[in-house]
Each structure stands twice: as structure tokens, then as C-alpha cells.
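A.B. asks: Residue numbers (this note's numbering), protein chains in the order written: chain A, 11 to 284; chain B, 11 to 284; chain C, 11 to 284; chain D, 11 to 284; chain E, 11 to 284; chain F, 11 to 284.
Don't take every hint at face value.
Here are the in silico distance ranges between beta carbons for each label pair [claimed, not checked]:
| hint | chain 1 | residue 1 | chain 2 | residue 2 | range |
| --- | --- | --- | --- | --- | --- |
| 1 | B | E59 | D | T66 | 14 to 24 Å |
| 2 | D | E235 | E | D214 | 22 to 32 Å |
| 3 | A | E204 | F | A123 | 39 to 49 Å |
Pulled from the structure, derived: some chain C residues nowhere near chain D, Cβ distances all over 10 Å [said to hold, decoys possible]:
| hint | residue |
| --- | --- |
| 4 | V72 |
| 5 | Q159 |
| 6 | E232 |
Short, incomplete list of chain A residues facing chain B, as computed with Cβ under 7 Å [to be verified]:
| hint | residue |
| --- | --- |
| 7 | I26 |
| 8 | G27 |
| 9 | I31 |
| 10 | T32 |
| 11 | V37 |
| 12 | L110 |
| 13 | M142 |
| 14 | P143 |
| 15 | G144 |
| 16 | Y166 |
| 17 | H175 |
| 18 | A179 |
| 19 | G188 |
| 20 | A189 |
| 21 | A193 |
| 22 | A276 |
Derived by calculation from the structure, the hints in this document are not laboratory data.
Every residue gets a Cβ at the ideal spot worked out from N, C-alpha and C, and that includes glycine.
6 protein chains.
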Amino acid sequence: MFEIDRIIQTALQEDIGSGDITTLSTVPKGTPAQAELVAKEDFYLSGIEVAQRVFTLLDANVAFDALREDGGFVKRGEVIAWIKGDAHTLLQGERVALNLLQRMSGIATHTAAFVAAVAESDAIIVDTRKTMPGLRVLDKYSVRMGGGQNHRTSLYDGVLIKENHITAAGGITAAVAGAKKRAPHTLKIEVETENMDDVREALDAGADIIMLDNMDLDTMREAVELIDGRAIAEASGGVNLETVSDIAKTGVNLISVGALTHSSPAVDISMLFQ
Amino acid sequence: MFEIDRIIQTALQEDIGSGDITTLSTVPKGTPAQAELVAKEDFYLSGIEVAQRVFTLLDANVAFDALREDGGFVKRGEVIAWIKGDAHTLLQGERVALNLLQRMSGIATHTAAFVAAVAESDAIIVDTRKTMPGLRVLDKYSVRMGGGQNHRTSLYDGVLIKENHITAAGGITAAVAGAKKRAPHTLKIEVETENMDDVREALDAGADIIMLDNMDLDTMREAVELIDGRAIAEASGGVNLETVSDIAKTGVNLISVGALTHSSPAVDISMLFQ
Amino acid sequence: MFEIDRIIQTALQEDIGSGDITTLSTVPKGTPAQAELVAKEDFYLSGIEVAQRVFTLLDANVAFDALREDGGFVKRGEVIAWIKGDAHTLLQGERVALNLLQRMSGIATHTAAFVAAVAESDAIIVDTRKTMPGLRVLDKYSVRMGGGQNHRTSLYDGVLIKENHITAAGGITAAVAGAKKRAPHTLKIEVETENMDDVREALDAGADIIMLDNMDLDTMREAVELIDGRAIAEASGGVNLETVSDIAKTGVNLISVGALTHSSPAVDISMLFQ
Amino acid sequence: MFEIDRIIQTALQEDIGSGDITTLSTVPKGTPAQAELVAKEDFYLSGIEVAQRVFTLLDANVAFDALREDGGFVKRGEVIAWIKGDAHTLLQGERVALNLLQRMSGIATHTAAFVAAVAESDAIIVDTRKTMPGLRVLDKYSVRMGGGQNHRTSLYDGVLIKENHITAAGGITAAVAGAKKRAPHTLKIEVETENMDDVREALDAGADIIMLDNMDLDTMREAVELIDGRAIAEASGGVNLETVSDIAKTGVNLISVGALTHSSPAVDISMLFQ
Amino acid sequence: MFEIDRIIQTALQEDIGSGDITTLSTVPKGTPAQAELVAKEDFYLSGIEVAQRVFTLLDANVAFDALREDGGFVKRGEVIAWIKGDAHTLLQGERVALNLLQRMSGIATHTAAFVAAVAESDAIIVDTRKTMPGLRVLDKYSVRMGGGQNHRTSLYDGVLIKENHITAAGGITAAVAGAKKRAPHTLKIEVETENMDDVREALDAGADIIMLDNMDLDTMREAVELIDGRAIAEASGGVNLETVSDIAKTGVNLISVGALTHSSPAVDISMLFQ
Amino acid sequence: MFEIDRIIQTALQEDIGSGDITTLSTVPKGTPAQAELVAKEDFYLSGIEVAQRVFTLLDANVAFDALREDGGFVKRGEVIAWIKGDAHTLLQGERVALNLLQRMSGIATHTAAFVAAVAESDAIIVDTRKTMPGLRVLDKYSVRMGGGQNHRTSLYDGVLIKENHITAAGGITAAVAGAKKRAPHTLKIEVETENMDDVREALDAGADIIMLDNMDLDTMREAVELIDGRAIAEASGGVNLETVSDIAKTGVNLISVGALTHSSPAVDISMLFQ
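Produce the complete structure using the sequences and hints provided.
C.D. replies: Set out below in C-alpha cells:
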């Protein structure tokens, strides 16, 4: 909650700064206003409480009536929320509320497309740390609103031994041994692998999760067979809406998709005074 | 400069938090490392100094050797920078540096495509306030690196009378009069118009800039003719790479494109230990 | 709003710190109190809502009944506001509230004197960036409460090419050309001039506003004549209550006065328990 | 030190914000510059290290060569400091550095006038808490640079029982007893008195310092006689350059002057590129 | 108040960070809960309002019903407070509230033991600056709740000339003279002494308080006799529950005990859902 | 690193505030000093780099020569570090540096005693979230320096289903099922159990770690036998230096000890000018 308030306050400060000159000079103080948030395209909603918080942080007297909940599918033309309050507040919060809502719903909508594409498998779509700097909690929340699940949040809550760690540690075996000895016992250990040799070494070292990075479909299938439930298999790299369905069919448990959070287009939503 | 440091520190705090468990448990303290940043696709570069600052904020002893400058075109496979320092620092800064660099270069590259599309006209591509919350200074900088120009930064440094202001103020004439009386004399006054009547009213009221919002090409041409240099004409709404060239041909002076900053896909860059 | 809260919280933190020892050791917790704010001299009021916010930030249960509004003229002996609440809160907020109110009203009162002195001309009194570090939004607000208008707020919302810029840029013409090419199209361009040659060069370069800096009255008149409405003429430098009326008569549009915010004496207001 | 950096960073953030548009658009990046700070009137200097810190916080490579030290008397026309560095840095720091330096030296100069006026007595000029919100450490430092001494800094480091405390506590005797019992034994206890009865009661209660508030000269003399060295006698209220000398002659030990920090005019200093 | 909120928010941020995964994944949103805070041992209570603030800062709708007040003695098994609200809020605030309450009550309980041990003398138990970094206001408050009194808060509100100052200043006499000349007249001057020569020198120099540091009982008695009420005598060093009673009998006025705040064990309190 | 700087800056701000009056008034500016940190008792060292950072954050020119490393055993009388710099800096940093060093080394020393007590078993001593609010990263680091290991850091990086969660979720089985479905796949799931029925249910539900809370030794042994390596067994509650050895002999894998961080006494270290 503090984190979300920090994000919103930073954004409001960034946009309003020393004052909203246009509103201050053209709209009389105390003018009442009523506005609606309208979907200009179809999408999955994420961020409606965040949008509400933008206005109530500016002015506790604003009434924000959300007509839809996060995670729901919204049709073009639908009214998502009614907002009532001082016209100055509504005009000052508009852009920040929309910027957040449009990004968050964009991520949920993009995620939902990936989830739909693997619906016939048991594979789960998960996110990565390729999020917008400063907005990670919102990005990861939006992935869940689109039906995906979260990978570790950050460097502090998961052990993921990647190529560069392996290089610096002197190999997969040494790296896993270090993690087993020094990382908290509450965390599983994941290893990034590039080929079947890596997979074998990671399995032998006792990895809990094995990331199959940028492998072709045949290698992935072979790896899943070798792993055979002794570890969680995660596909990663080169995942897009064309390839994700075939990747899911290889039998991997998880598919991580960076594009969910680094390249989702914003959806279009407008705020109109009534 | 303070603003950019705030962005980077927020991002590092978000990603590292209580500690990078993987690195701490697998890589011996004091291990030296050398890495390169490599382009995995073609793009226009933006953010190389920001990426450098990520590492030097973590550790002033990191050597970061940028091989390219912001604004330049980078080919797939090119090495953009060499980084040398403690392996812990490089691993802890990697994701934040890449997240920023990939977004910033994504915006520059997207902008450059718009700029190229209007190259045969005098129209200038400008951005909007539809930026990523908290990252506006970087977003706007990246637009410039792609060859675009900046519209006002925020609510505090420009007068842009939009539809909701006009509703609340009781019309274009009243709104412009208010701005002329109360806004600092150092700012031009811009009015959003929906049709030719609006354009006429804005002109008569003495607007310095007239935004032609979501108009079809014929109306836009008619508006440009009517304005006839007495104000700056800015096209806005529904602008994409298919439409922008025709819009430019209507003779407008500026074309503002929200997608530059709300929907640019990230470019792909990797950091590899040598 | 966030900015004003930041100012108040910084000031309260500065004054209260680890605790108000006198009040804690002499006044029983929970003692109710009622106080009045009384004008000890004549002045124009500015900051009454800021004073109220000081107390309500400390304790939402304080009742603050403002009897006058900002911008109004207050006579010596008048009660400006009634305050009712816990004696600890009133005693802890007293000094910060008065320090802010006395400064802000001091600026408004000083500004009103300048405005009165030019009442027979069309000249407008504007402020400068010579404000108290950290308090600019309050300083500039108080100028408006005294009947003045605001020049640009800061470096980020206006183009004002001063002597040092001209030196560094290699002349007025080069500097204006740079600004026209690179500054946002939403900002007017102002140039500081020292003599008639400068004025001519600024006009030819296309400056929107021309500052006549420290010129004698004759030169100022000559400049106004030459400009002849093609740019806004702003007088600056050496402006005080003795000179401002004659300056106004030269026909300049604006007169900027640093003393409004760097040298206004505080007015005298006291808070007395009843 | 942290406090001063906070003040400077707040001020720089306030003035530069999203960027110094004029400098960025008119002066090429990397242009070297050299400037001098010149006194435009006579004054006592305060804040030269603060001014230096403004520039070095912006850019550690700026060379700032102070020719004078705080506390010294500067003659009109004297060069106070040389500054050498990137023109952008100098232009971005100029206003903040001057605003601070001009205010601080203004306080020192004003204080020095009071100190001179009481030079033939043993009375010491001290400040009050009527300082500029957020700038107290600089204000109090400047009083010392003008030859004055500091009263308590804030509510947390002194016991000063004022009229409102006496009202709320039920009298001087009760208030002093509370302070003796509950305030740290490291602090002296001061009581504000309005008349001779108050002075007597404060003395009997065991006050360490007795403030003679707004008393006429005869009463003050009588009070000093009564106190007779058993407590420190402090004159307060209605002190100005006309009255201070006579007040000093009453034999009081301290004279506190609010105007030192709430109404000192700024001195005039300019920064000129060479 | 701001300081306490800062402490709580830092602690909540530290403990909750990007989210309470256990609660979010196991307890349905909106589950109501009721809990009690129960004493698991005997102790003096300190921090009950701080514990309440932890929950209300998270969610203003939590009802916190304190059954006991700070400063009171609580028996093992007693219910200290009832808490009612959303289960998520109660689970997220639990650890921070208990960590603060257990430390604060630990200090009060430890202090009360020292106070009891000197009950037959007039000596007062005071604290030191050996507090937990960042928690000083709570530590010092808890000493008062245990019946002790506070020494100076920090370096800014007291003059305590210690061994290292004496070394650097060139002796006690020089150091006291400096303090008399330059420190605010509102502060008493304390000097740390190691032997009778020091005590004599401090007395002669005019110290208001003399700290007898690590002296044996005989020397302490001799010092108290010499001082004879001309200064406050404070014992310090090597004070524990075995020695404090004898120290008190030497006739010193104050006994300062670092262990109150650097080594008090936490008391045991649990929060249980009903 | 940012976190540690935040801790130190908060502590320095808390202790120095508006200024170190004693030092400023008694020690001439620029006086050079040299001091040593000396152990006044035996202990395990933790925090030597933190102590160094205290001084270098105040003044980058201080030379701090650490003679010992964290984790080492220090004998009474040993010099731990030499410090050389401006006397003002050394005096202003002394208390904060010592407060941190004494607490951190206290935790390491206390932990080492627990580790020694279980040396003949395979049990590992781990910490809890019962840390000092705001200092968790230092507390947990110090546990490692004493030979212990870390449990989860906070609520964000581990799933630990405790009694209150079980109550709110409707039982162990339901709670574990929720965690398996919604928590990131990178985290193990731990369940707190009170008796053998709980242990069985947790095992059947698929818990990765089972906490045996406040069980007697016989029950603990029975539980370890039942678990039989299918989950990690963690003893918790009522652990002290008398009981820990017997607990270790039950065969549990981990023993968590709250007292390490909530009740470790500070060790004694002094800083003396030479």
C-alpha cells in the first residue's frame, strides 16, 4: 500500500509540479464536475483501485464509483467508473490515473492472450523482472489480473542462477552448492540451462527448478523427459504469441514471458466530463 | 540530474531490496568481471549514460566504456559498451540498466520511424504527457534522441485548454480569456478543437496554438487553410505509422503521438560476462 | 498541495524535532484551548489556508475558523481566525503558522504597494526567481494575493536568455535561434537587453518578450517605441517604490521586481490564548 | 551538513525541476565558463561555503575559489569568489547560490548593525525562532556571522515558558514547577514576563532566565535591578535600530530581535561570466 | 508525531515490502478477524499507542481497544488490547507492532528495576545516548514510562564536555570557557571528570553539572562533598543492578545508565486470533 | 548498500540534528585528531565496515584503518580500528558508530554462543523476524557473522503459515493448498505446528518445511521421526542457551531463536583520542 502511494505521489508530483496552470487560469475554483471513464477498445481491466486512489490522494472528497472490477473483461464503449468532485481535482488527476490504468490494463490484456494460447496445456504463464523501473508491483499485479502467475519479485526473494553467475562461480555444480549452503532454506534453487549437458548437471546438483533458455522445441521436449518431474521445468526466451502454444505442448510447467511487462501496448481509455 | 538519480535509486532499491541472494551465495566477494552490452536487434540508442550511472551509483569503481552515443543507430550484434568491475556490482546492476536502456532505446526507435515517415513534409513529431509514471524525463529525452521534439513537459509549463476545460469554463472564448488574464505571460496558449467552429472560435479568441483533435484529413486541411499561419497547427489523435504521412501532408506544423511513450516495445539488449 | 504539505512538514519537523519540551513539561496533556490570530498592524492577507493546514496536519481535530480570506486588506487589531483544540497542538503549531503567515502577508502587502504605485498605467507588476529557497510556490502565490502576476516559475517553464547565456552562446541572434529550434514550441522566448543595439538584435531575432535591464528612463522609452507592440516589453533592475511609477509611464508592459520576494519585511501577527 | 545539503537540494530541485530549458537550448553542452561573484553593495558576508556547495553538488568538477570568508566585511565592487566549470552547471546553480548568499549575508549585515548599536554596553544580541521555514540552521548561522549569538534553536532544546503556556498551566509558579520536575536537568528554564509582578513570581519560582517582554525602559530598569544577577535578564519585543541602544543601557544581559531573521533585506550580489 | 510515523512506516516497509505472500495466498481478502494482545510475562507497559498506530496506519478502519496505559504494570496472562479488523491488516501489522511493543516495554521494565533499587535515595535514574539507531524518541519515552528521567536527547540540545573534547580542547578550563562563550545561554554546561583534580577544575571553571565517570564509591563520595550543591553531580559508568544502590547512597543527584537502552531484553507478548 | 546508508543517515540525523553544540563550542574547527576503537570485553566482531561508513559519510577525508574483520573473535583490550581525521568529524560520528558496532557485535556474540552449544549436532541456528525495527539487514548480517544462518528476511520472501493464518484459512490443509496455488513457485512452504496431528496434516498437505512450535523434547523427537526427511524440521519457541543443546539432539534440522535479535546485550567498545 505504501509502495502504491509512493508511485502515485511521484507521478502526481511529476505531472502537477508547481501547479496546473491551465486549470487554475480557466476553471473557477470550486466548480463541481462529474466525469466517466470510458473504454475505447476491448480489454481486461487492471488498476481500477489505483485510478481511484489517484483522485482520493488529491482530494478525499472525490466520489469514485467503480462499475467494474480488476480482472474482468471490458467491452469498447463501456463505462468503467463514475467520478464526481471538484473540477480542479478531476482535471489534475486525469492524466496520471489514465496513464496507470492504460498501462496496467495493457499488461493484463497482453497476458490474457498468452494464457488463452496455452489453455489446452497445463503450462502456466509467468512474468520476469523485465518490468518498468519503479512500477514492478503494479506490473506483477496486472499479470495476475490477466490470468498469469508471478515468478520471483526481485533479486531478494528467489535464487535464479543465470549464465553470468555460472561463469563467475565456475560452473553449475559449484554455483548450486554455494546456494544450497548460503541461501535461506526457504527458497527453491533455479538454474538457467542452455543445453542438455547443463540440464543434466543442474539435475545432479539438486536444482529445484530448471530454466530451459532459448532451446528449440525438440531439445525442450528431451529436457522435460529427462527431468521427469524431479524438478520444475520452465521455458524461457523467444516466447511470443506465435510460438507459445507449441512451447506449452513440450510439457514444460512454466513459460516465462518478458514481453508481458516490457512491451505491452497501452489500452485506450478516456475521461469525459458530463 | 537529481531526477535521474532518483529514478535509478528507486529502481535499484526495487530490484535489490534486502539483497541479491543468488549473487551473494554463488559468487565469491571480490570476483572481478568484465561484460559487454550487445544489441540483439537494430535500433536507435537512448540511455547509455543512464545505464552507466546505474553501475557507478552502485560502485564508483566500475569502469563503463560506452562505444556509442545516444541518438546513434545501432546494428544487431554491435557491442554498445564494455563494463569492468566487481562481479557483484555488475550482476546487481544488470537488470535495472537493461530495463532502462531497452525502454529508452525502444522509444527512440519508435520515434525515429515516425520522423522518417514525415520526412518529406515540414511537420515535426512531438510527444504527449502519456508517459510512464515516474519516468517522464527519460521518456521525453528518448523522443528527442529519436529525432522528435518535446511538447510541454507537464501541467506546470504549458497552457493546453482541452475539451474538459472548455466544458468546465463554459466555452473556448471564456477559457482563452481566463488564460490570457491569469497564466504567466511567458507561455503560449493552446486550444484543443474538434471541428471548424472550434477552430474559428479559438483563432478569434487569440490562441497561439490550435490542436486539431481526431479530425479527418479534409477537415484538417481546411483548418490549416483557415489558420493560415496565424497560429501553430497541431494534429493529434489516431496517429499511427500508417496515417502519419497523410496527416503531415495536410500542412500541419506539429503532429503529437501518444504511442511514442505509452506503447513503444522495448528493444533487445543483453549483458554478457566475457 | 503535496508541495505545500512538504513545506509545512519540513518546518514543523525543524521546529518540534524530538519534542516541545516546554509544553510537554508545563501543560497537562489534553488541556483544551482556544486562541485567536490578531493583526498587530495593517496588511494584505496571504496564507490563511496554509496556517490552517499547519494545525490540521498536526491534529485533524483542531477547529480553525478563518474570518478573512487571502487577498483581503486587514486592519490592525482585527481577529483573522479562531483556533480551538488541544493546547499542545496549538502551542506546537503556533510559531510555524505565524512564520509562514507573516512572511506571506508581508509579500502580499509589499506587492500591493507596487501595484498601487503603477495604478495609473497599464503596467503589470511581476515577480522573479529571487524567492526564498524552498518556499517559491508560497512566495509566488503571495505576489498574486497582493495584486501582482507571476513571471515564469523556474528554469523549467520559460525561456529567458540572460547576459550570461548570451556570452556563452556567442550573441543574441545565436541564442534565440537555438531556443527557437530546441525549446518546446509552447514557450515564448524572452531576451535580456542592456541597450538599444541589443533591443534591435532581439527584435530581429524574433524574441517574443524583451527585457529592458537596468536602462534609464529615456532609453526605456526609446526601446518601447522601437518595439512598438511587436514584442512584450519588460522593465527590470533598480525598481523600487520611488522609481516604479516613472518606469510604468515609459509604456513598458511588465515591471519585474525582485524585492517582492527577497526583501519584503514580515507583518506582525500574534496568537493569543483566550 | 545533511541539513544544509537537504536545503540546497530542495532549492535546486525547485528551480531546475525537469530541466533548464534556456541553457539546454542556447548553450552547447560542454562549453567551459568562468564567472565571478561580485558585491553590488557593502555587507557582511555569510554563506560562501553554502554557495560553493550549490555548485559542487551539481557537479563535483566545478572549481570554486572563495576570496573571502564568512563573517568578513565586503565592500561594494569586491569580487567574493571565482567559479570555473561547465557553463551549464554555472547557469543552473547561479540563482540558488545567489538567493542563499544574498539572504544569509542580509541577515549577517542586519545583525551587525544591531551589534554595533549596543557596542558600548555588555548586552548581547540574540535571535529568535522567527526564522524562514526550512532555513533555520542557515538563519541562525548568519546571525553568528554578524556578531550575534543564538537563542535556543527550536522547541526541542530549550524551556521558554511564554504567555500562552502560563495561561494553560495556571500561572508562572505552576509552569516553572512542572518544567523543573519534567524537563531534562541539562536545560535552563526561561519565563516570559509582562510586568514586575511576573518578574517577582518568576524569580521566586527559580527561573534561570527572565524575559522582559515589551516593557518600557523604566520597567526594564526596575526589573534588572530586582533580578540583580540572580537570573539572566533578556529584553524582547519592539526592538529596532532606533530603540536597541536605550534598551541595552537598562542593563539587560540579552536582547532578542525577531527582525534579524524575519525582516532582513537581501544584499545585492551578481554572478558574471568573464 | 511525524518521527513516530517515520519509524513505523520504515518498519512496515521493511517487513512487508512487495507484499505479505503468506497472507495473500492463504487468507481470503476481506476475512474479518479479532485478536488479543496477551502478556506472556510480568512487565511495565510502554508503546501501546505506538502499537495502535501500526495498525491504523495500515488501515484506518481497524478498531484497537487498549485495556492498559503506558507506565502501568502488567501481569503475565493479562490481555493488553483487543484488535478488530480485516485479517490481512492484522497479520501484516502483527510483527512490527510486537517488535516495537516488546522493546519499549523491555526498556520500561528494565528502568523500573533501577528506579526501585535507588528508591531510598534522592538519586534520579537517567538515560544516555546509547539508544537504538533510529529509535531514540521511543527509547527515551520508554525510560520515562519506567520511572526514569531523560538526559539530553542528542548532540544538539546539551553541552556535555567529554574526555575526547577535553583532549582536543586542551583541558577542562579551556573547554568550559569555550562553551560559556559560544553555546546558547539556555543550556547548562556539563563536564565529564575522571578524578578529584578534574572535579576541582570543573567546579572552578563554572560547570553546571559534573559527571563522575567510572569513579569508585569513595571518590564519588568525596566529589559529592566537594561539589556541595554548587553543581549537579551525576554518576556514570559501571552502573548495574548490583552496584546502583550503593552509588545512590554516595549522594549523587543523577545516575546515568547506558544499559537501559542498549541492553534491555525484550518482554514477551503475543497476538492471538480469537 | 542504499539500505545501510539510509540507516546511518537516519542515525546521524537523529544524533546531530541542528548541530553538535559541545564540539562546535569547545574544539577549534580544523583540529586534527587520531583515535582508536578498543574492545572493553571479549566478543565476535560485526559491523566494522558500517562503523567506517559512519565516518566517511560525514567526511570522505577520514582515514579508517580496520585491524580486524567481521566474524572474527576479538579479545578485551584489543584495538579494532584506527581513525584519523578532523576532530569534529570523529566526535560527531563516535556515538552512532559505537551504537551500531556494539549492537551488531552483541548479536554476533550471542549467536556464536548458540552455535557453539549445538556444535555436536547437525542443527543449524537461524534467526527470526523479531529484529529491531529499521535495522533488519544489520541484525540478520550479524547473525551470519556469529555463525548462524538466516531464515526468510520478511513477509515478502517466504511462505510461513502460522497459527493465526491457519485459524483464518480454516485449517492447515486449506492454507497449504492456497499457498501452492497462489504463491510464486520459487518459494518453499513452511507450516507452524503445535502437535503431532498438525505435523501429520502438514506433511500430507505437502509442506516443505515444518515448524515444531513450543513442543517438548519427546514430541519433537516423535515429529522428527514421522517427518523422516520428507520435509525440513525446524524447532521454535522456548529456545535458550540452557535448552538449545537438547533440542538439537532431537534431530531437528533448524533451530530458530528470536532472542538473537530481540534480546542480545550490546558489547562494550570505546573510542579514545590519542
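A.B. asks: Would you mind marking each hint as holding or not holding in the structure?
C.D. replies: Verification of the hints:
For B/E59 and D/T66, the Cβ-Cβ distance of about 20 Å falls inside the hinted range of 14 to 24 Å, so the restraint holds. Separated by about 30 Å at the C-beta atoms, D/E235 and E/D214 satisfy the suggested range of 22 to 32 Å. For A/E204 and F/A123, the hinted distance range of 39 to 49 Å is satisfied, since their beta carbons lie about 46 Å from each other. The beta carbon of C/V72 is kept farther than 10 Å from every beta carbon of chain D, the shortest such distance being approximately 15 Å.
Every C-beta of chain D lies more than 10 Å from that of C/Q159, the closest at about 20 Å, which supports listing it as non-interface. The Cβ of C/E232 lies farther than 10 Å from every Cβ of chain D, with a closest approach of about 25 Å, so its non-interface assignment holds. The beta carbon of A/I26 comes within 5 Å of a beta carbon in chain B, closer than 7 Å, and the hint placing it at the interface holds. Here the hint on A/G27 is kept, as its CB sits about 4 Å from the closest CB of chain B, short of 7 Å.
Hint status for A/I31 relative to chain B: holds, with the closest Cβ pair at about 5 Å, below 7 Å. Restraint check, A/T32 versus chain B: the minimum CB separation of about 5 Å is within 7 Å; hint holds. The interface hint given for A/V37 holds, since its Cβ lies 4 Å from the closest Cβ of chain B, which is under the 7 Å cut-off. Interface hint status for A/L110: upheld, as the beta-carbon distance to the closest one in chain B is roughly 6 Å, under 7 Å.
At its closest, the beta carbon of A/M142 sits 6 Å from a beta carbon of chain B; the interface hint therefore holds under the 7 Å criterion. At about 4 Å, the closest approach between the beta carbon of A/P143 and any beta carbon in chain B falls short of 7 Å, and the interface hint on this residue holds. The beta carbon of A/G144 comes within 4 Å of a beta carbon in chain B, closer than 7 Å, and the hint placing it at the interface holds. Taking 7 Å as the C-beta contact cut-off toward chain B, the hint placing A/Y166 at the interface holds, the least distance being around 4 Å.
The interface hint given for A/H175 is met, as the beta carbon of that residue sits about 5 Å from the closest beta carbon of chain B, less than 7 Å. With a cut of 7 Å, the hint placing A/A179 at the interface with chain B holds, because the nearest CB-to-CB distance is about 5 Å. The interface hint given for A/G188 holds, since its Cβ lies 4 Å from the closest Cβ of chain B, which is under the 7 Å cut-off. Because the beta carbon of A/A189 sits about 5 Å from the nearest beta carbon in chain B, less than 7 Å, this interface hint is met.
Checking A/A193 against chain B: minimum C-beta separation of about 4 Å stays under 7 Å; hint holds. Look at A/A276: its Cβ gets to within about 4 Å of chain B, closer than 7 Å, so that hint holds up.
The structure agrees with every numbered hint stated previously.
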